[in-house]
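Quick note, the sequences are listed as chains A and B, same order.
For the first sequence, the residue numbers in the working numbering are 18 to 506.
For the second sequence, the residue numbers in the working numbering are 438 to 698.
Calculated from the structure, these hints are not laboratory results.
A quick note: this is a predicted structure, and the numbers were derived from the prediction, not measured.
Beta carbons: idealized from backbone N, C-alpha and C, even for Gly.
Okay, derived cross-link-like pairs now, EDC-like style, lysine to aspartate or glutamate, Cα gap no bigger than 16 Å in a straight line:
(1) B/Lys642 x A/Glu118
(2) A/Lys159 x B/Asp445
(3) A/Lys483 x A/Asp229
(4) B/Lys604 x A/Asp377
(5) B/Lys642 x A/Asp377
(6) A/Lys399 x B/Asp615
(7) A/Lys52 x A/Glu215
(8) B/Lys642 x A/Glu117
(9) B/Lys604 x A/Glu363
(10) A/Lys394 x B/Asp615
(11) A/Lys400 x A/Glu387
(12) A/Lys394 x A/Glu443
Derived contacts from chain B toward chain A, CB cut-off under 10 Å, selection only:
(13) Gln602
(14) Leu636
(15) Gly655
(16) Arg662
(17) Ser663
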Amino acid sequence: MTDNLLEIRNYSFQFPSYPGLESRPLFSSLDFTLKRGELCIILGAPESGKTTLARCLTAVYPGMTRAEVSGSILLDGQALQTRSACDWIETVGTVFQDPEEQIITTRCDDEAAMVLESIGREAGDIRKKRACAFSRFSIEGKEERDPLSLSGGEKKRLLLAALEMQNPDLWILDETLDELDREGQEFLLTYLVSLAAEQQKGVILFASKYRDIFDSVRVRKALLREGHLHEEEDAGTFRDLLAGEGLIHTDRETLSSGKYAGEHPGDNTEPNDQVGVYELRDISFSYPGKGDFSLHLDSFSIKEGEIVVLAGPNGCGKSTLARILCGLLTPDKGEVLLKGSPAVKEELNRNGAYLFQNPDYQLFLPTVEEELALGLKHRGLKKSEQKGRIADAMDLFNLPSGEAPPALLSFGARKRLQGAIYYLLEKNLYILDEADSGLSFSDYGCIVRELMRKGTAMIIISHDPKVQQMAAHRVVEMKNGRIIGEKRL
Amino acid sequence: MIDTLYRDAPSALHRYDSRLKLFLLPLLLIIFFLPLGTAAVCAYTLTFILLTMAVLGFREVLMPLKAIFPLLILITILTPFFHRAGEPLLETGGIVLLTDEGAAETLVYIARFSGISLLFFLFFRTTAMENILLGLSWYRLPYNMTLVISIALRYIPHLAGLYGQIKAAHALRCGINDELPCRRKRGRIGGLFPILVSLVIQSVKTIPTLTMALELKGIGRSNPRSRCRRLESPANIRMQLFFTLVLLVLMLSALVVFLTN
Chain A
18 MTDNLLEIRN YSFQFPSYPG LESRPLFSSL DFTLKRGELC IILGAPESGK
68 TTLARCLTAV YPGMTRAEVS GSILLDGQAL QTRSACDWIE TVGTVFQDPE
118 EQIITTRCDD EAAMVLESIG REAGDIRKKR ACAFSRFSIE GKEERDPLSL
168 SGGEKKRLLL AALEMQNPDL WILDETLDEL DREGQEFLLT YLVSLAAEQQ
218 KGVILFASKY RDIFDSVRVR KALLREGHLH EEEDAGTFRD LLAGEGLIHT
268 DRETLSSGKY AGEHPGDNTE PNDQVGVYEL RDISFSYPGK GDFSLHLDSF
318 SIKEGEIVVL AGPNGCGKST LARILCGLLT PDKGEVLLKG SPAVKEELNR
368 NGAYLFQNPD YQLFLPTVEE ELALGLKHRG LKKSEQKGRI ADAMDLFNLP
418 SGEAPPALLS FGARKRLQGA IYYLLEKNLY ILDEADSGLS FSDYGCIVRE
468 LMRKGTAMII ISHDPKVQQM AAHRVVEMKN GRIIGEKRL
Chain B
438 MIDTLYRDAP SALHRYDSRL KLFLLPLLLI IFFLPLGTAA VCAYTLTFIL
488 LTMAVLGFRE VLMPLKAIFP LLILITILTP FFHRAGEPLL ETGGIVLLTD
538 EGAAETLVYI ARFSGISLLF FLFFRTTAME NILLGLSWYR LPYNMTLVIS
588 IALRYIPHLA GLYGQIKAAH ALRCGINDEL PCRRKRGRIG GLFPILVSLV
638 IQSVKTIPTL TMALELKGIG RSNPRSRCRR LESPANIRMQ LFFTLVLLVL
688 MLSALVVFLT N
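Based on the provided sequences and hints, a complete structural model is requested.
Take a look at the structure:
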């Protein structure tokens, strides 16, 4: 056992190029060392290569990526490439950015036990560890549930519980704070600090934005930028570096005031009290086969130009409410009123925009330009007019070349593309469901700001108080499928 | 990534031991392929319809039948052309379109196809995937084989679920004043194209992530695996065993009667 748990030496990595998307080195001569007992938060903008680095550290990359790689990664003094990823599971473990990509069984208890079963641990030992881990991450009682029926935050809690059971020396957490509620984020960070200090584990936590809770812990922080890791002793200098990348919340991102106020029609407007765009009355909804959750709302309404934040712990029904408003779910009871009249699914679909956590669900055309042009074609705009609007949207949403294939863009760029698609569509309601997940403050701010220009109603679901404060008029608090209170900002 | 057809409910069939279900499944399936008469096949299929209605409700009967509906239409159109013997029932301009034997054969195919679909639907709807795998392991199937079976079996419902999500996402790509793609000139078939492209992209993307997830769960290691969860026998296992034996005897008797006649 060496003192340095992880050593990255002169590591370079470059994906192959594709037509319309020229590849660049993600890491060039990257050097990094992590000692036992250290927790390091690695921040980076969406395209900086955090997920790729996380995958390289778990030995699943380069795998089948056909990437050009040089340099070495040593884990406990041994070169990572000498063994397959499956043979490293006692030393390194990870939680993916998208938990659904990692879940492969249909019961929570089986999912959590799978790694230890692969190692060949005794059943009794696994059960004991599982009871302890499920209790620690507050998912006890959900052992027999299908993991896919859990909320986004609960899925992450399940995978964290599985990782605790796995108990590797090195923990790689890819954007794991995203989708966890505030309480969960604080708990996880405290837990990781004590895990590193008391059990001499190494922990790397990747994040797309600097959260204020990071101030409360004295741990290493590094910025992944242009293929290198930057660390600064001076906190002020480091914050400046982060601000330059749009990873830290500054007054600049307070969209309802300051720089962006009054720039465009629709900006910074107070909600129009005369027009209630959407109204929910006496709504009940429950998912088939998910007996422990049901949504019950006596009333909920949102006005034109109003920005409402839905807040509450994981699994409280925020996404369910948002999906009902867009016609993606049909309530078991009650009605949805659109501008005072009961609306059917198709009308709700046309009037609502829902930024899916997975942007790929809406992308299907070969180039960015064609994706953006589709909605404009449906509106019957002339080609010359389409071109102007597309160029405008590409500029506003900071999109790469119009020729680039959407499927090969980074996660952040695909999310911005999704925002740009909706920007070009006429809608009465925009819903951003944890759309800040995996995005920097500046990327997320870019999407919110441009959609705000439309002056329509907007619902933001986010656990980040900084994001909540960016633009909201009203915060609606939910718990156990009910609205328990609201406050005007 | 993974979805299944299973829905939890407190029915007797849900509580039926998965090992016994796995034992009965091929036997019940074989009966469909015996050269039985039209009435016998229809009665056999009707049993599954009634069983599904009793256990899952009427709406659930329609679910697998809806899925195979286009195939049933094709069977109805094409089968009479390949079975032209017997008394003509329908003819036009001297061309026989349907004979009594053709009609009977069509009915047999429809009943057989519907019955098999209902049989598998009942099995997967009432048996948790993990219990199927534990049952297969109990029959000494190697772990890697059960894993392959489970992923293959889950992939189809997963794609169906994904299709639903993508379809919903595409429905939102219309503005207030736009025509919905499904109502445009190119019609419903043309409207399917974008959804299918997104589905293919998602499905292809699933392959490397599934591989990574499996590797990181230790699949591919050479050491022996352990099993945390074992199949628990239900409280009324003796009654279930007795019922299974009765069913087996009935099926064998029917087979003997069929072969001796």
